[in-house]
Amino acid sequence: MNDFTLGDILLALLHGLQWTAILSLTAFVLGSLGGLIILALRLAHRPALVWLAKTFIEVFQGTPLLMQLFIVFFGLSLGGVEIPPWLAAALGLTLYTSAYLAEIWRGCVNAIPNTQWEGSAALALNRYQQMRHVILPQALRMAIAPTVGFLVQVVKGTSVASIIGFVELTKTGGMLANATFEPFLIYGLVAAGYFLLCYPLSLYSRHLERTLHVAR
Amino acid sequence: MSLVNITGLHKHYGPNHVLKGVDLTVRQGDVVTLIGRSGSGKSTLLRTINGLESFDQGSITLAGQTIGSRDAKALQQLRLQVGMVFQQFNLFPHLTVGENIMMSPRVVKGESPHILREEAHALLAKVGLADKFDAWPDQLSGGQQQRVAIARALAMKPQVLLCDEITSALDPELVNEVLAVVRQLAQEGMTLIMVTHEMRFARDVSNHVVFMHQGKIHEAGHPADLFSRPQTPELQNFVSAVM
Chain A
603 MNDFTLGDIL LALLHGLQWT AILSLTAFVL GSLGGLIILA LRLAHRPALV
653 WLAKTFIEVF QGTPLLMQLF IVFFGLSLGG VEIPPWLAAA LGLTLYTSAY
703 LAEIWRGCVN AIPNTQWEGS AALALNRYQQ MRHVILPQAL RMAIAPTVGF
753 LVQVVKGTSV ASIIGFVELT KTGGMLANAT FEPFLIYGLV AAGYFLLCYP
803 LSLYSRHLER TLHVAR
Chain B
16 MSLVNITGLH KHYGPNHVLK GVDLTVRQGD VVTLIGRSGS GKSTLLRTIN
66 GLESFDQGSI TLAGQTIGSR DAKALQQLRL QVGMVFQQFN LFPHLTVGEN
116 IMMSPRVVKG ESPHILREEA HALLAKVGLA DKFDAWPDQL SGGQQQRVAI
166 ARALAMKPQV LLCDEITSAL DPELVNEVLA VVRQLAQEGM TLIMVTHEMR
216 FARDVSNHVV FMHQGKIHEA GHPADLFSRP QTPELQNFVS AVM
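From first to last, the protein sequence lines are chains A and B. Going from the first sequence to this note's numbering is simple: count from 1 and add 602. Going from the second sequence to this note's numbering is simple: count from 1 and add 15.
Because the hints were derived from the structure by calculation, they are not lab data. Treat the numbers as computed from the prediction; the structure is a model and nothing was measured. Glycine included, each C-beta is placed from N, C-alpha and C at the ideal position. Watch out, some of these pointers could steer you wrong.
Cut-off 20 Å, straight-line C-alpha distance, at most; resulting in silico cross-link-like pairs (EDC-like, lysine to aspartate or glutamate) [claimed, not checked]:
1) K124(B) - E720(A)
2) K172(B) - E720(A)
3) K172(B) - D45(B)
Which residues of chain B face chain A? A partial, calculated answer using Cβ under 7 Å [as the list claims (entries may be wrong)]:
4) N65
5) A87
6) R94
7) N105
With the hints as constraints, model all of the structure from the sequences given.
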């Protein structure tokens, strides 16, 4: 018995896909801001700030994203703060993205040779000016391709938000599969949905890697 | 009048005692060359003068001001007066030649872009690269890059210019074009402190040569005396090995 037409299914999945895209975008925009802040702490010349940033990065890189979402969602409600699943998912993914981006970007900053620091120091630039005018412009160029590459991980990572009840693509797929008894078709379409979001990003990342390598 | 005054300078790298009590006075307009074997401490000494290396004991004064404060503001003040040219040029690859020269005066001193542009063009003409304003560093030969680096250091109008083996990374046929620029600076009265392996150049251009050996100034004097009548066996060996 099956009351759903393929059109119904596609429409529902498209709706889920939209939320997956929104969640990815939110995580990425806020995660970039968070990543910049963590990066600044990580590169500071104050041991306490560096320790704080390191600990943050280690915790979020060393635990599964799913546990992070559980802790944000259930932990906050245990503490008396009731937040909707979408907010918990956005918050959890933002923290996760911040940690990874901070580490990716730190790698790019570290890849700038020490001679660039010395050259700019000898020209009387202070640390902020060195960062702003010499180090970051070069590191940024290096960072674009791996950053876009990481966005693909974030898009796929949003699927765990389904477990705390946020109705995005995977959750929509699960509900449809239960209702239609066509798991193979439905999950195939769900996978195709993620691919639709991720493949252009992968292509773009590869394109950037090629062009930015030559460009200055 | 003495511009740079170094007294009793000591520095350790962990267990290595790399500077063991160095005294050196540089007057305005002096061209001082530091020579010696690798590991003798000459580059380290040079780099303490603009605070790229710290030191453990002793004092350095520049135009009467004491150097050695580790605080960032004081270091910046010092570096406004001491320019440096490096072995590996250290140009900024993401900026054009013109931007390389103008960036620091604009960012640090807040000078107007209009005036800076004129000055940058003049400096490039001075080092023989008038047509390279819009070129990128990686389009230039090593000798050209090093001349841009000299122009970039001069754009800050330093009182002293430090040159750290500035021809060591160059192909032999490119060495002279860089040395010609330095020679011209010396003739114009620029105060220069150089570490170099170009002994002929040191003899021709400098008015004071310092031979460093095992972290100390072993022998120093006018190049004519020092090179033709070395007093110590260490300098005799060194001179006969390199000249």
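Q. Is the straight-line distance between the alpha-carbon of K172(B) and that of E720(A) 20 Å or less?
A. holds (18 Å)
Q. If you take the shortest Cβ to Cβ gap from N105(B) to chain A, is it below 7 Å?
A. Check passed: Cβ of N105(B) comes within 3 Å of chain A, closer than 7 Å.
Q) Under the criterion of a CB-CB separation shorter than 7 Å, is R94(B) in contact with chain A as hinted? A) holds (4 Å)
**Q.** Hint check, N65(B) versus chain A [nearest Cβ-Cβ separation less than 7 Å]
**A.** The hint holds - N65(B) has a Cβ within 7 Å of chain A, the shortest such distance being about 6 Å.
Q: Below or equal to 20 Å on CA atoms is what counts here, so check K124(B) against E720(A).
A: It holds: about 19 Å lies between the C-alpha atoms, which stays within 20 Å.
Q | Restraint status (C-alpha distance of K172(B) to D45(B) at most 20 Å) | A | holds (17 Å)
Q) Under the criterion of a CB-CB separation shorter than 7 Å, is A87(B) in contact with chain A as hinted? A) The hint holds - A87(B) has a Cβ within 7 Å of chain A, the shortest such distance being about 6 Å.
In this structure, every one of the numbered hints holds.
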